[in-house]
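Engineer: The lines below spell out each chain.
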Amino acid sequence: MVREENSYKSSEDENKEEKASSLVEKIQQLGQTNIPQMPQDSKIHCLTIIGQIEGHLQLPPQNKTTKYEHVIPQIVAIEQNPNIEGLLVILNTVGGDVEAGLAISEMLASLSKPTVSIVLGGGHSIGVPIAVSCDYAFIAETATMTIHPIRLSGLVIGVPQTFEYLDKMQERVIKFVTKHSKISEEKFKELMFAKGNLTRDIGTNVIGPEAVKYGLMDEVGGIGEAIKKLNELIELKKKENEGLIQ
Amino acid sequence: MILYTPVPKEIIFQPDMAAYEKRKEVIYEGVPMLVESGENNSCRIVRLLSTDPAHYLDPRFMPGNTIAVDF
Chain P
1 MVREENSYKS
11 SEDENKEEKA
21 SSLVEKIQQL
31 GQTNIPQMPQ
41 DSKIHCLTII
51 GQIEGHLQLP
61 PQNKTTKYEH
71 VIPQIVAIEQ
81 NPNIEGLLVI
91 LNTVGGDVEA
101 GLAISEMLAS
111 LSKPTVSIVL
121 GGGHSIGVPI
131 AVSCDYAFIA
141 ETATMTIHPI
151 RLSGLVIGVP
161 QTFEYLDKMQ
171 ERVIKFVTKH
181 SKISEEKFKE
191 LMFAKGNLTR
201 DIGTNVIGPE
211 AVKYGLMDEV
221 GGIGEAIKKL
231 NELIELKKKE
241 NEGLIQ
Chain V
1 MILYTPVPKE
11 IIFQPDMAAY
21 EKRKEVIYEG
31 VPMLVESGEN
41 NSCRIVRLLS
51 TDPAHYLDPR
61 FMPGNTIAVD
71 F
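Same order as they appear, the protein sequences are chains P and V. Those letters in the first sequence? Residues 1 to 246, per this note's numbering, in order. Those letters in the second sequence? Residues 1 to 71, per this note's numbering, in order.
Worth flagging that the hints you see were computed from the coordinates, not collected in a lab. Yeah, the Cβ is synthetic: ideal placement off N, Cα and C, and Gly gets one too. Hints are all accurate, no fakes.
Heads up, simulated DSS-like pairs for lysine-lysine below, C-alpha to C-alpha not over 27 Å straight-line:
1. 228(P) x 43(P)
2. 113(P) x 179(P)
3. 113(P) x 67(P)
4. 67(P) x 24(V)
5. 9(V) x 195(P)
6. 175(P) x 213(P)
7. 64(P) x 24(V)
8. 113(P) x 228(P)
9. 9(V) x 64(P)
10. 175(P) x 189(P)
11. 239(P) x 43(P)
12. 67(P) x 9(V)
13. 43(P) x 237(P)
14. 195(P) x 175(P)
15. 239(P) x 182(P)
16. 113(P) x 175(P)
17. 22(V) x 67(P)
18. 9(V) x 168(P)
19. 179(P) x 168(P)
20. 168(P) x 195(P)
21. 22(V) x 64(P)
22. 213(P) x 195(P)
23. 179(P) x 228(P)
24. 175(P) x 67(P)
The following label-pair restraints were derived from C-beta to C-beta distances:
25. 213(P) x 42(V): 49 to 59 Å
26. 223(P) x 38(V): 31 to 41 Å
27. 2(V) x 162(P): 23 to 33 Å
28. 236(P) x 11(V): 44 to 54 Å
Please work from the sequences and hints to get the whole structure.
Structural biologist: Laid out in structure tokens, this is it:
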């Protein structure tokens, strides 16, 4: 009898220990204990554009990057999957490669499903066309967007040919942004070439409500507003499709 | 030392190739992720690359977890 009791006790202790160790493991790995479970496949997918947008040059592995070879197949998959009804794009980027950024923007703009973007923290430089490429663009109140001319690095280059080339490249960005948002070309250029706002550079750093005022973004808001808008757009799209059948 | 150059920092201070080789993108149970090689055929999850928010809620795919995949 005594023996049995002992063995029962020890197994209980083991159980406790196991539970504790898995909890400790979770805390070590994630810094948190439990996350809620989702019942089924989500109809809204979420694309995060974080860190630097990587182009032809591969950045060191410790850099946090968004690679177009990841993002573009994901957008293609989202377009093709009938279970996915909408896409939420979350941006917190410092910018990066112009060509890769424009490629992602064009893909998002041509997506047939409703898209909503939300800028948290920062959506700088080439992050601007990505943010405006979605059907509806949100910006968090504290988030900022830096609008500046295209350059190879922090320095200004003086060679006329290089200038011509960069000017054309810049024109592509300006065209895209003005086409996909309410901002006028004059205003966008004015912000881009503004002096005295940035250290050692020309351009403007626009913060949340300012971006909305200039017509660059649609609304100031967070995740709640963004999901609500996305659901509205999905409903609208559904109704349109029903109308077509009749 | 101050370098005055238009050349990006990443080109001047290139990381050694070993750092690149340590990490790999894999698809594990249908979830694309970035993993880092660990001891005896196991990998540590660095980051998920999926767009499905449900994947991020699965405790098996928590960043930091070790999974058994051939590196």
